[in-house]
Structures are given as C-alpha cells and as structure tokens.
Amino acid sequence: MSQSVDHFALLPLYAAAGTAILAFLTDLFVAKRAAVLAVTALGGLATAVLALVVGPSAGTFCTTGACSWVATWPAAVTTVLFAALTVGVLAFSAPALRLGAAPAGEFCFLLACSMTGGVVVAYAGDLITLIVGLETLTLPLYVLVGLRRFAHDQRPTTTGASASLTFFLISVISTAVTLLGAALNYVATGALHLALLTPATGPFRPLAGVGVALLVIGLAFKVAAVPLHAWAPATYDGAPVPIAAYLSTASKLGGVLALAAVVAHLDARAVLAVLAVLTMTIGNLVALRQTRMVRLLAWSSIAQAGYILAALAIGAAGIPAALAYAIFFVVLEFIAFGVVVALRPPEADGGTLLDFRGAGRRSPWLGAALVLSLAGLAGLPPGLAGLFAKLSVVNTLVQHGWAWLAGVVVLNAVIALAYYVRVATSLYTLPARIGLTVADPVLMDAALHPRLPVTRPVAAALAISAVVAVLVGFAPQLLFNALT
Amino acid sequence: MYRDYVVDSTWSAGSMVLLAMLLVPALGAAVVALLPAGRDRQGRIVATVFAAITFGLTLLVPLVRPSTTDFGWFAYGDGPPVPPLLPWVNLDLPWVPALGLRFHLGVDGVSYPLVVLTGLLTLLCCAYTVRKVPHGGSGRTLAVLLLILEVGVLGTFLSLDLLLFFVFFEVVLLPMYAVIAGWGGPERRAAARKFVLYTLAGSVLLLLGVVLVVTKAGTGNLIVLTGASGLTRTTQCVVFALLAVAFAIKAPLWPLHTWLPDAHTEAPTVGSVILAGVLLKMGTYGLIRVGVGVAPEGAAWAAPALGVLAVIAILAGSLICLRQRELKRLIAYSSVGHMGFVLLGIATLTVTGLQAALLGNVAHGLITGLLFFLAGTIKDRAGTGSLDQLSGLRETAPRLAGLFGFAAIASLGLPGLAGFWGEAFAVVGAVQRGGPLWLTLAAVAALGGALTAAYFLRLLRRLTQGPTTPSVHSLRTTIAGVEWFAWTPLVLLTLLVGVLPALVLVDTALPLATLLGVQP
Chain A
1 MSQSVDHFAL LPLYAAAGTA ILAFLTDLFV AKRAAVLAVT ALGGLATAVL ALVVGPSAGT
61 FCTTGACSWV ATWPAAVTTV LFAALTVGVL AFSAPALRLG AAPAGEFCFL LACSMTGGVV
121 VAYAGDLITL IVGLETLTLP LYVLVGLRRF AHDQRPTTTG ASASLTFFLI SVISTAVTLL
181 GAALNYVATG ALHLALLTPA TGPFRPLAGV GVALLVIGLA FKVAAVPLHA WAPATYDGAP
241 VPIAAYLSTA SKLGGVLALA AVVAHLDARA VLAVLAVLTM TIGNLVALRQ TRMVRLLAWS
301 SIAQAGYILA ALAIGAAGIP AALAYAIFFV VLEFIAFGVV VALRPPEADG GTLLDFRGAG
361 RRSPWLGAAL VLSLAGLAGL PPGLAGLFAK LSVVNTLVQH GWAWLAGVVV LNAVIALAYY
421 VRVATSLYTL PARIGLTVAD PVLMDAALHP RLPVTRPVAA ALAISAVVAV LVGFAPQLLF
481 NALT
Chain P
1 MYRDYVVDST WSAGSMVLLA MLLVPALGAA VVALLPAGRD RQGRIVATVF AAITFGLTLL
61 VPLVRPSTTD FGWFAYGDGP PVPPLLPWVN LDLPWVPALG LRFHLGVDGV SYPLVVLTGL
121 LTLLCCAYTV RKVPHGGSGR TLAVLLLILE VGVLGTFLSL DLLLFFVFFE VVLLPMYAVI
181 AGWGGPERRA AARKFVLYTL AGSVLLLLGV VLVVTKAGTG NLIVLTGASG LTRTTQCVVF
241 ALLAVAFAIK APLWPLHTWL PDAHTEAPTV GSVILAGVLL KMGTYGLIRV GVGVAPEGAA
301 WAAPALGVLA VIAILAGSLI CLRQRELKRL IAYSSVGHMG FVLLGIATLT VTGLQAALLG
361 NVAHGLITGL LFFLAGTIKD RAGTGSLDQL SGLRETAPRL AGLFGFAAIA SLGLPGLAGF
421 WGEAFAVVGA VQRGGPLWLT LAAVAALGGA LTAAYFLRLL RRLTQGPTTP SVHSLRTTIA
481 GVEWFAWTPL VLLTLLVGVL PALVLVDTAL PLATLLGVQP
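Residue numbers (UniProt numbering), protein chains in the order written: chain A, 1 to 484; chain P, 1 to 520.
No lab work stands behind these hints, which were simulated from the structure alone. Take every hint as true, because none was put in to throw you off.
Cβ-to-Cβ under 8 Å is the rule here; a few derived chain A residues that face chain P:
| id | residue |
| --- | --- |
| 1 | 375 |
| 2 | 380 |
| 3 | 387 |
| 4 | 388 |
| 5 | 391 |
| 6 | 399 |
| 7 | 407 |
| 8 | 411 |
| 9 | 425 |
Even for Gly, the Cβ is constructed at its ideal location relative to N, Cα and C.
Okay, chain A solo, but in the shape it has when bound:
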C-alpha cells in the first residue's frame, strides 16, 4: 500500500535538509569559507520563509485520525525560531571560523543538520518522529561541542573533548530512557501518534504510568531539569561560546516542544511539578555562587527551564504559556550569549565575571544589550519580554488553581534577581583603588582589557535579536496570537 505524500507541508524540512547538503557540497567544490557561510545562512532564511509560507496546512503521513507531520502556526513559528537561531549562531561563530578554529564546511553542515532536527521536532506528529527529530537536533552537537582545531603554536586543550563526551554519554542514556518510556506507553495503549495518545485504562494503567514518567524524565534531560541537569554547566562551559548559545536556546527549545507534545495528552503533572520546583530552586541557588560567566548563564538557564516546566505541569492548559515563555527566554538568552561572544576574543572561552568588569563602560551598546537581556531574564523592565513571560506563566498557574506553584515561581524570581544584578552591576564597575597604587587602576584595567572590535556578523545578529526582544516586549500579543 502506498501513501500519498503532501510535499507542500514538507517544504521547510526539505529546505533545512537541503541546506545541510548544499553546505557540504559547497565546501567540497567551492572550498571557500565565505561561500559556505553564505549558503548556510541563505538556507536558514529559506527554511524560515518556507515555514511561514506553508503556515498551517493539512498534515501528511496520515493514518486514520492522526498524522505524523502536522503543520500548525506554533510549528511554523518555532521553525522560524530554529532557523533564526541557526543563522544567529553561525554569525556568532564567524570570527572564530575566520581564524580557523573549526573547519567551516563541517561546522556549517553539522549546524544545518541540527536545524533540520529542530524543524522535525516542531512539526512532529508522533512519538517516533519526535524522538528521531530530537536526536537529529542533538547528534551534531556532540561533535560541534568538541570541534576545535588548534594552530601549531597553540597548546591543545581537552576541555572541549571532555565536554563533548559528557554530553554524549548523558544524552545517550536519556534517549534510551525516552525510548523505553515510549515503548511502555505503546504497549499499554497502542498509540504512537500524539493526537491519539490517551491515558491507559484497565490492567495496563500502571505500565502506562511508568511509561509516561520515563518519557518525561528522558525528555527532561534535554531541558536540563534538576536532578538531570549535571551535564549542562560542564558542557556549556567547555563548548565554544556560540555552541553553548545554541545548546541553551535551540536545543532547549527542542526539549520544551517535545515535553509540550507529551503533556498535551498524557498526565504527567506530579512528575513535572516536582521537577519544576527542584529545577528552579536549585538552579537559582547554585547560580548565586557562580564566578564564571558561561557557568552562571548555564545555571540561570537551568532555573529558567524550571519556570517552563511549572507551566507544563498544569497539562495541556499550560502549553501556550510554556511555549510563550520558552520563546521569550530563547530570545533573551541568545542576546546574553551574543554579548559574551562580542566581548571576548574570538577563540576564548566565556571567562570569569571579573573579565567583564567595566565592559559596559567601554562598550555602551553591548552593555545595554546585556542589561536588557539580564533584566528580561529576571522578569523586569526594561526587559519587558521577560516580564510578560513571567506574567503569563503566573497568570496561567493561578487561573488553573496552582497558586502554590505560582508562589514558588515568584519567590525564585527574587533569588534570581540577586545574581542578575550582580552581573549587570559588574559591567559598570570600576576597579577598586586600594592603598597606594603605582598606576591608575582604571587605566591599567583599560590597558589589560582593550575594547575588542565587534565583527559585522556578530553585531548584526545582536542588533536584530535586541530589536526582536524590544518588539515582542512591547507587542507580546503578536506572539500569543501566533501560538494559539
């Protein structure tokens, strides 16, 4: 029996996969870095445009009652976001690629593959497609985290490789757990399509319950929920900063989408509520003590995932709020990592908080962007996007009678502010004048931390994302409309 395939609905996937292949071929035949980058960027744009053109349309790969490929507005919006993040991370990586820190062809191919996985996650209509998409999203990242070429005069380090290995091992286990969960649920209910998932009845109920719990736990690895978070800080800190940005935005978004797809039909409230409380509280408390920039952002992004899980804990009713929060968060987090990229030398790691002291005075625009992003992550104006994100989660929780969880969320917001203001303030701090000084500490500091030129792609990506953050801050309704 053959099935008719609606190729129109698959266009975004074709574009994303085509981008990966084209990047590979361009590297093979043209062998110019700029050409490979341009092809990948254009492919990303094409993916975004096609997702918008397809919009909500009939699904494909359908059986009775459900489809494996479901084209909806939320899917289109998240696809655009995946494509934008890919192009943005490419822009952030451009300075390092120019120095030859990683081979451009392989880098672009892997990144585009990851984007393809993101597109599949966004449109997936059954559990297998979802998990395959998630793996396609993650698999290239194992390599990208450790992909680093050292010049002959550089001392090779193994931080990237060890980060990559940590990430790989944890991910493999989490995938196994997810698959086991999906299989148990399939045994109990006979359903794989998301639209057909129902809570099991009769003797299989306990089995299905275990299946759902395992499914959620496996996916919780992807969003780095406590206690399944241990890989995230080490991996983020060991990876090149642009890849860390991708991990904490696109990869996390993929996990959130997968969780949302599961909780839309199955009951995982207890597991998710516990995970949410643990994730936000421990994430915030540990972030308080961090001294390295990327580690602090990693812990803060763990905590942020907790707020998303809190919304998901309600079940289907919380999904719009969770997705809205995730998208606001992704935009703000992307800006934060972008500023770190811009303020550090191309091949450097994220550095310590001390390395950023006074950076806001040296580069006012970058400082302002980081303040916007941190304020948003803390849920305060001028980061209005973050304020509305928190407001929508709290609103949803209170509306559905989960006021206690809303209380936990807002208390965590207070803890979180403590470290966000610490980072933001250090951007504008001058070095202390202690006792007798030989040289003016301000001049010394300026000499030791020269203002680095910001390359054009990085500046453009940052400017666009900041404009987007301000826009969705003032008109969040656009996003809420797109998600429902």
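Please build the complex by placing chain P on the supplied structure of chain A, with the hints as guidance.
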C-alpha cells in the same frame, strides 16, 4: 455600568495629555541617552527641559478635564450610585488581550496631587543635576535614569488597570537600583542590593495578588473593581494580605523597613529625594487605590493589625531617631515614622483618616524632599554626615541653617505648615473610629508625634547651635542659583499646603466616602 459616567474620551484632549505625560519623559530619556558622550552638560539640560514639559503637562490636567464629570451634587439623589472611582480623564486601549492587560490610564482627585508632586520633584532633581553631578558616573546617565523613574512613577499613579499598575510598579525597580549603585556612597553596593531584593520581594507578592484578583473577578479594570468588586470575603482577605505586605515593603512599614535607612544613607542626594518624595508614595497610594479599593472587606479585616504596626512604626522611627548620629540616616528613619502616620490614617478606614493619609503623602514628599536636598548638600560640603562633627551651622551658613530649620520644623508637624495636617488628622481619624483599641492607638500615635518634635529639635540643636566644628567651618556657604531653584518651590508649597490643605483634598471626599460606604 461605569461607562454611563466615564466620558468616552479616547483621543480627547485629556487622554492625549495623559499619554504625553508618559511619552515625553520616555522620549526625553531616549534622546538624552543617544546624545554623544562628550555632550554631558547639554544632555542634562535637555533632560531638565523634558522634565519641565512633563511638569507642565501635569499642571494641564485640570484644564482639559471635561466639566460633565461633576456628579458631586446628585450622588445623594435617586440615580444609580456613582462609582467610587471616577476619573477626570480616561484613556483605555487594549495592549495584551491574552493576559487581560489593557493600557488604561486615568487621573482623579486621589492620584492627581501625587502626579503633580512627581512632575515637580523630577524637574527639581533634573535641574539640580545640571550643576551638581554626584561622583560615580556620568551626569547624563543619571538624568536619563531620573526620567525613566518618572515614567514608572507617573504610570503607577495613572494606571486604572491592575496589571498595568503592576507593570509600572516594576519599571522603577532597576533604575532606582542603578541610581543608588552607580552614584551612591561607599557602601552603595550592599544598600542597593538590599533595596532591590526587598522591593522585588514586595512586587512579586503584588503580582500574585493582582493576578488573583484578575482571575477571580475576570477583569483588571480598577473602575469596575473599586468598591463593589464581587470578590468573596476569603478572596478579599487573601488578596489584601498579599497586597498589604507588598505595599508595606514599599511604603515602608515596620518591620519591613530595614532597607530604607541603608538605601537613603547611600543614595546620592537626588536619589534620596526621589526615593523619599515619590517612590515611597507608590506604596501608600497602592494601599489606598488597590488594597482598600479592590478588597474593602479584606481591608476591614486587616485594619487593626495594620493600625498596630503603623503605630509601632511611628514609635520605633521616633525612638531610633532620638539615638541617631548620622544626618541622612536620621531623616530616613523619620520617614519611617511619617509613613507610619500615613498608614495609620489608611488603617482607620475613615474618610478623615484617608484624607489625612493623602495629605500626609504630599506633605512628606515636599518636606522630606527638601530635607534630603539640604542634608545632601550639607553632607557633600562638609564631607561628613556624622552629627558629632556637624555643629554650629548657624554661625557659618545662616541661610542653609535657616532653611534646614524651616524644613525640620515643618517635618515635626508645626500647625500652619504642611506636615501638621496629615499627622494630626490621622490621630483624629483613629479617635473617630472609636473603641478601646483605636483610642489607645491614637494616644500612642500622638505620643509619637511629640517624640518627633523631640528628635527634630535635638537635631536642630546639634546641627545648627553649639560650637562650630572644623568640618562646618570649612563648608562652602553660598547657595547657588540652581539650588535656590530646586528648594524654593518646596518651601513655598510647604507653606501653601500648610495654609490651604484643601488644595490637596479638593475632590477626594466624595470618592473616598463612596469607597468606604459612608456619607461624608
């Protein structure tokens, strides 16, 4: 049903003024921030111009007020009851329908005096910054932050939508943090952090309360919610408890006041003035407008507790002040006492008490604003704020000492000056309420008033009288034009409000009476 009364005035002259009041300072902040760094002084002057335009706009409001909203005379008739909140001018636009957030602004007799006060104090602070930039950062940035603060504070006073109120309440948080952390004294970091964490803790409780109300009542419109909101008694009690703690942190009310002395001591002069003059008022205004307005039964339930805490605040503030040796810290603690009177007025839930609270708000803004200007100047010029090293100011700087004396005497509540009415009538309100508890509270509050006089006189004796210390001797005594410009309006208004308190209270009796369900 409120639409029967509220003139549908979207895009009328009045609503344009409301919008402009927020847009002008925001635009000013953007313009000044984008000026090149070399044009620092010009930037501060531009900021002052924008603040002046905003102040002009706040004065314009009564002129553009449609005369048809004057329902004073038929409230006693047979017609449908007039809603307790009837804005003079009104602007209602959708903003985020998904969250039920509307951009709904309006001004009435309760909020208008505070709006003018905000416009005035921001103008004075911006003008003061033109000449004197505290050490720490560029003066231009400070002026930008002052303008952003003004947007947040005006927005809070103008909001007629609960969620919008919350959004504007949050706007002031980070700019004020930046003012303290950027331009403050040696311990500024810790003080600023304490300020911002305390205040955020308050505003997240506010968030919970607000979301709870909007969820239960199905609307965030304060005109609909005020008075008869249709919330159950339990909900009202929960909501009021959340809101009362939130606003008590902001106001601040004992025992949640501990952030205030540090913040005031470390903040630069203009920061202290804005903090004491306007930001604290957001707490007391919120308690009247949102707390008592939305959850009247909850307010009645919590009133005794609030009254007791307010009186403890009065006593604690006064007693601490008697032992205080740092000038700005003393004035900060005196704020705790004064705000205690305001909260006592609110807690009585009588028309007299609430009017006393509104009057006390404005008077405290004027007088404490002036006191912080003067204390900041003395501290900057003498290089120390310690009262042990400051005495004999009368000898070297008679004008400064005279002004300080005036402000101190106004603050201690001398009849005929602005400070008197709020404190006296808060006590009167408590007596009117009757019953052993309230009579005791009134008596203790009156005792606190006497202690206020005691510590201010002690302060005056130590600061202005006695032998001249070296730090006072070397102090620059001239008062610059900008300083006169900043201080004179406050002095004159203190006198004016003292003589004519009705100026502040015009058009408040009816809304408050309908709110409390009593005949005035």
